[in-house]
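Protein sequence lines correspond, in order, to chains A and B.
Here the UniProt record's numbering is used: position 184 in the first sequence is 184, and no number is missing along the way.
Here the UniProt record's numbering is used: position 545 in the second sequence is 545, and no number is missing along the way.
Hints were generated in silico from the structure; no laboratory data involved.
One or more hints might be untrue.
Stated by the list, open to error - Quick list of the computed label-pair ranges, beta carbon to beta carbon: (1) B/Asp50 to A/His284: 48 to 56 Å; (2) B/Thr288 to A/Leu66: 50 to 58 Å; (3) B/Ala328 to A/Glu481: 50 to 58 Å; (4) A/Gly327 to B/Asp50: 56 to 64 Å.
Computed from a predicted model, the values in this text were never measured in an experiment.
Just so it is clear, CB atoms sit at the ideal spot from N, CA and C, and this is done for glycine as well.
Residue strings, one per chain:
2 protein chains.
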Amino acid sequence: MSKIKLPLRDIEFALFELFHFEEHYADYCPSLDRSLTKALLNESARFCEDILAPLSASGDTEGCRLVDGEVITPAGFKTAYQQYCDAGWPSLARSAEFGGQGLPQSLGIVMNELSATANYAWTMYPGLSQGAMHTIESHGSDFQKQTYLPALISGEWTGTMCLTEAHCGTDLGLLKTKATPVGDGSFSLTGTKIFISSGDHDLAQNIVHIVLARLPDAPAGTKGISLFIVPKFTVNADGSLGARNGVSCGSLEHKMGIHGNATCVLNFDGAVGTLLGEANKGLHLMFTFMNLARLGAALQGIAHAESGFQAALNYSRERLQGRSLSGAKNPTGVADPIISHPDVRRMLMTQKALSEGMRMMAYFAAKRVDIAQHAATPEKRQMAQDMLSVVTPIAKGFITELGFESASLALQCFGGHGYIKEWGVEQNLRDCRIASLYEGTTGVQALDLLGRKILLSDGKLMDGFTKCIQHFCQDPTNAPELSPYADSLTRLHTEWLGVTQHIGALAQQNPDEVGAASVDYLMYCGYIFMGYLWARAAKTALAALATSSDEQDFYRAKLATARFYFERILPRTLTLVATIKSGANNLMELPAEQFAF
Amino acid sequence: MSKIKLPLRDIEFALFELFHFEEHYADYCPSLDRSLTKALLNESARFCEDILAPLSASGDTEGCRLVDGEVITPAGFKTAYQQYCDAGWPSLARSAEFGGQGLPQSLGIVMNELSATANYAWTMYPGLSQGAMHTIESHGSDFQKQTYLPALISGEWTGTMCLTEAHCGTDLGLLKTKATPVGDGSFSLTGTKIFISSGDHDLAQNIVHIVLARLPDAPAGTKGISLFIVPKFTVNADGSLGARNGVSCGSLEHKMGIHGNATCVLNFDGAVGTLLGEANKGLHLMFTFMNLARLGAALQGIAHAESGFQAALNYSRERLQGRSLSGAKNPTGVADPIISHPDVRRMLMTQKALSEGMRMMAYFAAKRVDIAQHAATPEKRQMAQDMLSVVTPIAKGFITELGFESASLALQCFGGHGYIKEWGVEQNLRDCRIASLYEGTTGVQALDLLGRKILLSDGKLMDGFTKCIQHFCQDPTNAPELSPYADSLTRLHTEWLGVTQHIGALAQQNPDEVGAASVDYLMYCGYIFMGYLWARAAKTALAALATSSDEQDFYRAKLATARFYFERILPRTLTLVATIKSGANNLMELPAEQFAF
Chain A
1 MSKIKLPLRD IEFALFELFH FEEHYADYCP SLDRSLTKAL LNESARFCED
51 ILAPLSASGD TEGCRLVDGE VITPAGFKTA YQQYCDAGWP SLARSAEFGG
101 QGLPQSLGIV MNELSATANY AWTMYPGLSQ GAMHTIESHG SDFQKQTYLP
151 ALISGEWTGT MCLTEAHCGT DLGLLKTKAT PVGDGSFSLT GTKIFISSGD
201 HDLAQNIVHI VLARLPDAPA GTKGISLFIV PKFTVNADGS LGARNGVSCG
251 SLEHKMGIHG NATCVLNFDG AVGTLLGEAN KGLHLMFTFM NLARLGAALQ
301 GIAHAESGFQ AALNYSRERL QGRSLSGAKN PTGVADPIIS HPDVRRMLMT
351 QKALSEGMRM MAYFAAKRVD IAQHAATPEK RQMAQDMLSV VTPIAKGFIT
401 ELGFESASLA LQCFGGHGYI KEWGVEQNLR DCRIASLYEG TTGVQALDLL
451 GRKILLSDGK LMDGFTKCIQ HFCQDPTNAP ELSPYADSLT RLHTEWLGVT
501 QHIGALAQQN PDEVGAASVD YLMYCGYIFM GYLWARAAKT ALAALATSSD
551 EQDFYRAKLA TARFYFERIL PRTLTLVATI KSGANNLMEL PAEQFAF
Chain B
1 MSKIKLPLRD IEFALFELFH FEEHYADYCP SLDRSLTKAL LNESARFCED
51 ILAPLSASGD TEGCRLVDGE VITPAGFKTA YQQYCDAGWP SLARSAEFGG
101 QGLPQSLGIV MNELSATANY AWTMYPGLSQ GAMHTIESHG SDFQKQTYLP
151 ALISGEWTGT MCLTEAHCGT DLGLLKTKAT PVGDGSFSLT GTKIFISSGD
201 HDLAQNIVHI VLARLPDAPA GTKGISLFIV PKFTVNADGS LGARNGVSCG
251 SLEHKMGIHG NATCVLNFDG AVGTLLGEAN KGLHLMFTFM NLARLGAALQ
301 GIAHAESGFQ AALNYSRERL QGRSLSGAKN PTGVADPIIS HPDVRRMLMT
351 QKALSEGMRM MAYFAAKRVD IAQHAATPEK RQMAQDMLSV VTPIAKGFIT
401 ELGFESASLA LQCFGGHGYI KEWGVEQNLR DCRIASLYEG TTGVQALDLL
451 GRKILLSDGK LMDGFTKCIQ HFCQDPTNAP ELSPYADSLT RLHTEWLGVT
501 QHIGALAQQN PDEVGAASVD YLMYCGYIFM GYLWARAAKT ALAALATSSD
551 EQDFYRAKLA TARFYFERIL PRTLTLVATI KSGANNLMEL PAEQFAF
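Throw the hints in and build the complete structure from the sequences for me.
What follows is the structure in structure tokens.
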């Protein structure tokens, strides 16, 4: 992979110019002014570019090894993690009460994007920790918090989330891991979990597993799942490490990509754990962190779109092949750089429009994560939460699908060279492929969005969202250049409401209509949402160009990309409306046994 | 991967019922009646399922090794190749004059599909041989034919095509490998070729390389390229093997997939070769085999779509997860099979409609390969050749792009399990990704189709194609059930002509309009073409259902799949028309240096 240059200028555009995070932080974290935010971004970017990025390819090649029951991470991972902890990054957005810096979650999300873009497999070690910390912060007893949070927040220990078993992923109601009370208030856990990211490794002294399991008297299905904290090493009363607990890595999964991350089969064999939160409410409690985890998976889409785009752009500027049909662009060279060819530009512009568009989408969500947590009134918090409940499945599903498309286009720009490991774009594509599978597949996100969120609320959860679009389209201060975008969004806004009502009406007759429409509907929402964001970006760029900005090129590029999005990407909604409206029959009529002969 | 079952019933449907190959073969190869064709298909399928398929996963894991300058293929590959030769498969469609069986090329294409589906990496060894044989058959001197063809046709030797160099793939005019006459009529070749599939291996005694190189006095660019035959071992006058020639494998490429195939860097260091065909006409001569090679790459799309679909279908029938929203489908089990869920069906139906549709497209082309070669009159041959010149880039570009989409959907059906090596679908996706890169990227196919074929012929090369569609739509014998398909195709037919004229007009002003529209145009043509084929399949199925066929389920499945195609896949043309018409400006306005800041 060519050396990564984290897109700080674009990040600042989205944060400060588009979404006004400086003003936002003034409400929730007054110390975090623009200058401090930029300083933190710069420092993090330097670490990610200099330390993490060089370990991405070697981490892929070397992978993780299971030696005598212990997982060894690729060379350099441990040292990088130590540097990461020494610089205080794990504690950035964590509670000050237990040693965190108390900065907003949104800033943590942006930082995660940086490290994810530099080295996704490595980022999953501290990434999973954040999930565990968040769950303990939200649902742990004081004792659990005091026992586990300080060392997790410092990064001395890491955490995992142990959900999946061989026979159940999406359908967690089927899980079998048992937790038996041993009489002293603790539990003995027995069962096997699979696909446990960062499940064992040599980066930290201890690993704190958050485990879904069933109590002996638990009701069947999802209503009988409880959460437990199971540390790799038990913790003594004084906080020192005690005995090795009965949890071990049985094997490492052999995966398509993210080889640098240890994806473990974890055997719990009478492992000692404590109940986290109320018994039998585990699935509900888990969803408090699951939404953040889904935004985290969306960041993976951005990361691979961005790193693929950078590689493809560099290659397309340098690779000389063929002559432009409209006249030589490099007449003294043997051929023109392939970026002269319209179809290469189509691929590059698609990647550019998607990666910048995804970034806007993620930051739009990130701002609402802060508001939902910290706003002064319950109404404001609820409004942000409602918005998030719709934006999260869209962001997770839409961004991970388009991240893969983008990563594949990056590879395509290289021609045959893209298929060879040395350029890094094939790793980027392999690493990327997991994103639309874990933390709920795209199909699961789509059912969550359309079924649980939109239809179950009678469309009310769409309100905040559609109002944003209406507000933009009807803003009398819009420059005339924005008219085509506002017109297009106005039309889509009406169409969107109609399509939603159409599905709602059909679903009353046949519940399969929801599943039949769901993924196309999620993508349709995503394209409209991203259209709204690109229209806003164009508005911001036009305003900046109207001043005497010395970055005319930057803002003009935003306008060109917005135009590209509306002319070349947004028309995908035309197909999606047609397929959504085609209904469930064309999916359901064929008996399962007649799919092949 | 679950055990592959080659889709013989579907192959027979396409061959005999849809395209009437029995009648076709009666014209060109009377011995090849339906019963013999089916016997050959069955025998080949048994070999592919029993011998080749089990070596696919192990070939991926083991890969090829370069030991002391010689390439070692994965365990079992050599034995399988020996069995393949012993059964006479390499000679099937080759000239009887040199030991071939003289059966039609189309049958060879179907056989290649079978082995490609079972084990793509292995299939590339005999596959590249076919390219070399075809080139020598078409352009070799009698002496060259006598020297090389018998051992190639028996499979004792294999062949390669050596085109690419590090600095030139698409733009072969830049190639540097030199061929210097040594005075005895032979040439000394020096240069380095990369990405040479099957470039060295241990399956055969000798390897016959067809090499693009430049004579000392050659004009610059594509008009100064000549073809040479360069064997790994020189051949003595009596046909026995002579000295090791100056060509060697410098290294093996590290690739994303097709690990079982040796992709070599080949160093030519004063290697002895003979000129093949006329000097400086190499690029032109190469295209006689390139069109067949492109159909071969299209088969790869079918192969991975088919094998992915089979794996996903088996898994979706067995994996129990969640309950159907429209009521339990497996009430006595812990959950319903995931094929009960509409979105899983959407993914499966997409794979089914695409893999069967691709197969029809490939056989449509294959029939015309026979006609172009053997028809009684030059008019008929030319008509078939014209059709092929349009169908080939569509089949190559469209099928390889959709093969990848299909393989990715197959993986998606597995959820997180799809990302793990043991199920085989991640290998299927990795193996598949090369298909839209080699033998000309999708962008190259698209420029060939729109620029060189359609616009340069003033649309004339479209004629045969559009007449087929018109003929179908206007057939008074069409059953009423076909009306929606005929109506849809009639509308698209008109739209298609309009879109083509639109681009043609724009291109007169700005040649970049061709490249800007080209890939979307290719895909647009592909969807219409496949729509035509699905409509014909529906017609054939309706006719069979009107008889007292005892395969009612099979034909009803065809009708359901045709309906799915028209309702869920063909609407993609809506987006493509919009993006094609959006023109070149949205791609070309951004200066190359302003794609990132």
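Hints breached by this structure: none
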